[in-house]
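Q: Below, each chain spelled out in residue letters.
Protein chains: 2
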Amino acid sequence: MNTVTRNFLSREELHQGYRLACRTYPRSDLIIHVPPESLSTSQRVQIEGIRVEVQPEPLVQAYEVRLSPPSLLDLRADDTRLFEELKQSHQVDCSCIANGVLPELSTKLRSLDWHISAIIRGSELISIKGWPSPQLGLAVDLGTTKVAGYLVDLETGRSLKAKGVMNPQVAHGEDVITRIDLARRNGADARLMRKMAVEVINELIADLVSQVDASPEDILETVVVGNTAMHHLFLGLPVGQLARAPHVPGVGRAMELKAREAGLSASPDGYVHLPPNIAGFVGSDHVAMIQGTGVFKAGGVALALDIGTNTEICLIHEGKMTCVSCASGPAFEGAHIACGMRAADGAIEHMRFVGQSLQYFTIGNQEPVGICGSGILDAIAQLYLAGIVDKGGRILNDHPNVRSLGRVREFVIVEAGECGRESDIILTQKDVREVQLAKAAIRTGIKMLLEKNGLSEYDIDQVIVAGAFGSYLDMESAMAIGMFPRLPLDRFHQVGNAAGTGAKMSLISRTKRVEAQRIAHQIRYIELAGEPNFKKTFLEATAIG
Amino acid sequence: MNTVTRNFLSREELHQGYRLACRTYPRSDLIIHVPPESLSTSQRVQIEGIRVEVQPEPLVQAYEVRLSPPSLLDLRADDTRLFEELKQSHQVDCSCIANGVLPELSTKLRSLDWHISAIIRGSELISIKGWPSPQLGLAVDLGTTKVAGYLVDLETGRSLKAKGVMNPQVAHGEDVITRIDLARRNGADARLMRKMAVEVINELIADLVSQVDASPEDILETVVVGNTAMHHLFLGLPVGQLARAPHVPGVGRAMELKAREAGLSASPDGYVHLPPNIAGFVGSDHVAMIQGTGVFKAGGVALALDIGTNTEICLIHEGKMTCVSCASGPAFEGAHIACGMRAADGAIEHMRFVGQSLQYFTIGNQEPVGICGSGILDAIAQLYLAGIVDKGGRILNDHPNVRSLGRVREFVIVEAGECGRESDIILTQKDVREVQLAKAAIRTGIKMLLEKNGLSEYDIDQVIVAGAFGSYLDMESAMAIGMFPRLPLDRFHQVGNAAGTGAKMSLISRTKRVEAQRIAHQIRYIELAGEPNFKKTFLEATAIG
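For the protein sequence lines, the chains are A and B, in the order given. If you count by my numbering, then the first sequence holds residues 1 to 545, one letter each, in order. If you count by my numbering, then the second sequence holds residues 546 to 1090, one letter each, in order.
Derived from the structure by calculation, the hints contain no laboratory data. Among the hints, erroneous ones may be present.
As the list claims (entries may be wrong) - Okay, derived cross-link-like pairs now, BS3-like style, lysine-lysine, Cα gap no bigger than 25 Å in a straight line: (1) A:447 - A:297; (2) B:740 - A:108; (3) A:258 - B:708; (4) A:258 - B:992; (5) A:129 - A:87; (6) B:653 - A:195; (7) B:653 - B:803.
If we strip away everything but chain A, and leave its shape as in the complex, we get (with noise of 0.2 Å):
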């Protein structure tokens, strides 16, 4: 070790393994895990959803109890006493105490001097403190990449804060399919993963608690939704079942388990609900999603999208909703493609043709580092508006910023030297042929659909894109390269992080919670593998325009 090393990093440091990257020579093939946190700009995360009003139920309810103590003239048991005070002062029939407050119940009613919060969820007392005491909720969207954490008021139904942070299980795979992968074959990495979904909604609740001065265990309710992988990840179900056709979710309805079985800092007998999960490939945050949008009571024909590495789509018709979900591939999370990157601060996101000069637009206006998800498709609707990307997804000749390589072509987005960058950022023919397979699973998605329902393009009224990708799209973009069938602009609607919004109704109102049920229950799903028209379709929907 070099004296450079030393200087730099402390005892305990080189002890764990750290070493400077700048002093260190590997000498043979490695991997270079690069831990999300350590990302100079962090990602754009999103968790602004719809507003929508929603009368505030909640399943979990905090009442102030004052009771006379035991005497000789009154023997009742502490629990009676409790249950009939609730009783009768608050026409609460509570029948059960959480196995959690059982071992305090008697300690806690005498050093709280007989004058508690009793805090009730359905016939079961969860918890027992002063009064009064804050009564919080937490609903929680579980990306594969991205984890979005609202903290809400439970009695008046207000959002308080919100937070969006990377899933640390990015570490392990970018995709679900590899996460799924691992964990079906290493006991170890299975239990890793659901440490980290666990360990990061934590982490979510400590920081968003801090801003309202409140402590984790004054979340009482807790709301998760996620697609059906990070549901199984995050309750410690196993994948297998997933990863091998026809790829049936282990739990499809929805389930109820204490914080404290579930690892969360919150409350320890407060409950977790998970809203159910579809099918294999279509989770509770779809469900929250069409929820959350309301497009489940859209008249006409409507299409729900949330767009990702797979990407769900529920078409809407007469009462009647009906899903399929494509493998849209990482593409417009910036992955496989050559100059690709997340939506951070210096990522291009938008492009346009201005004469022959291709103008770009970088998040946070810094200096262009890569592009994103919105930023690739912008470049191909443009390159193939400006007729230099032909029908087939060919890079043609027709620029001077085409280059080729042989016999594989590229389009130069910023060159060297421009903005001190010491390498250009290019798209590639291969980049191309990404967007095309994934953009072609989505239009087949909708295709599928509205053949199965006996529509054409044409009967689309409406069309809700969901989701952080979803939302910087530009629908212009999607419609010129074929992602989406050519409509009126404002059939498109973006709204956001609508499955965070999901989330929130089903925690605030027991009546929402109902309706996500009836929601997933009128859902059917089709398998697109199972269709005979899926690859023919597939292949008609590769072609750009």
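Chain B: place on chain A using the hints.
A: For chain B alone, kept in the frame of chain A given last:
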């Protein structure tokens, strides 16, 4: 350390602190801990109760389920598949999967090739096994001194095996008061006593299931009855409020928790049911006894009691039930008696004067070692009837076996030398006083109950005497010393461990379980300490005869 010790003990034993008592000289006062299992003869533990015919209505049931595996044409989630099949084939509405079963659901369905025993309780799936699988239940009477376990076939309601063992907590105090005091002062002692209660039940489980070639996980439901202190210690509830007036239970109502949560080795998601407690010193074992004997349905005036360190007495009259708890002390357990001992081999359990000579009978026809409860009662009754003890309890100088040491007299029952004994077996003046206090406590309880109900002792139609001591007690002697009012002998019924019978009833029948709760709810508890006539009645009741 001397060579003899080294020769007899292994290195490990020495390391653990074992030494040979015969080679060890105490240098100061010390407490010698004699673990119950090291007693040369095992104590007689009452496990046989009353035979009652109960229609089995188990709360848990195993269903044979054959599922078709998922396919492209049938993409239902594993849980949906199972629930729908249960509904279709067995008309069972299962809506929830136990948390312990969830992580193994998908893997077990596949490893058992979709042919399983689905073990359902209410609407919860609590276990998955191969078909067929045993359906066992366990009833436990967790007594202060003794623990009785009953293994039951839940399908047929048939008792399979029974076993009684000592409660290892006796090492922490013979009576509940000592244990409560220890537990409330020291959390570590409380935890240790909880552990002991749990472990002794787990040992019973291991022993009982091995007798029927089953495994602990085959126990799908458990019912535990015990006095309130045992109940609280077993569950890890605080006992401070039991120690302080007015001695109210922390938990009165019936409780259910998972075997896993209770620490039992039964099927982890199977339930442990604890029937309700009535007061700080009238627990669920009393409820079980009232139910097991059927006395709650008795016409006329009935008394039901379980004699122990604490004696609970219930008076049943015209469908009304009133109960008291009497601090009868440990004399009947053989404690605080000069030559007292438990009901183990060699204990004198009965005595009769034949002319001037007192004949005695020992348990197991062994050489006499000491006197157990029923023997002590016989001795005092016989001495009183023979005019050697007067009404006030004084030992008179009217028999050759009466000795005086200073002003204190004692009666020699077995002389040193007889049967090769090195010392006398005697009954001291202090022993008589102890028994006077004990029997006065019981008689006072009876009197107060009658008084509160406007009845007299002549109105009593039947007396049910439950429990181990009550089974071996000579009723003539009990009446002779005035523990019970003088009544025709056929009004007394000695019923053995009726609490165990009651526990078994709650185990095999959901109707009986509801009945137990109704009984508990109907019993009115009277705190003797709060009664104005208590002291006067007690003083009068100390007189013998």
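Q: With reference to the structure, classify each hint as holding or not holding.
A: These are the hints, each one checked on the structure:
1. A:447 - A:297: 22 Å, holds
2. B:740 - A:108: 23 Å, holds
3. A:258 - B:708: 37 Å, violated
4. A:258 - B:992: 50 Å, violated
5. A:129 - A:87: 19 Å, holds
6. B:653 - A:195: Distance ~23 Å between residue 653 (chain B) and residue 195 (chain A) Cα, so the pair holds.
7. B:653 - B:803: 21 Å, holds
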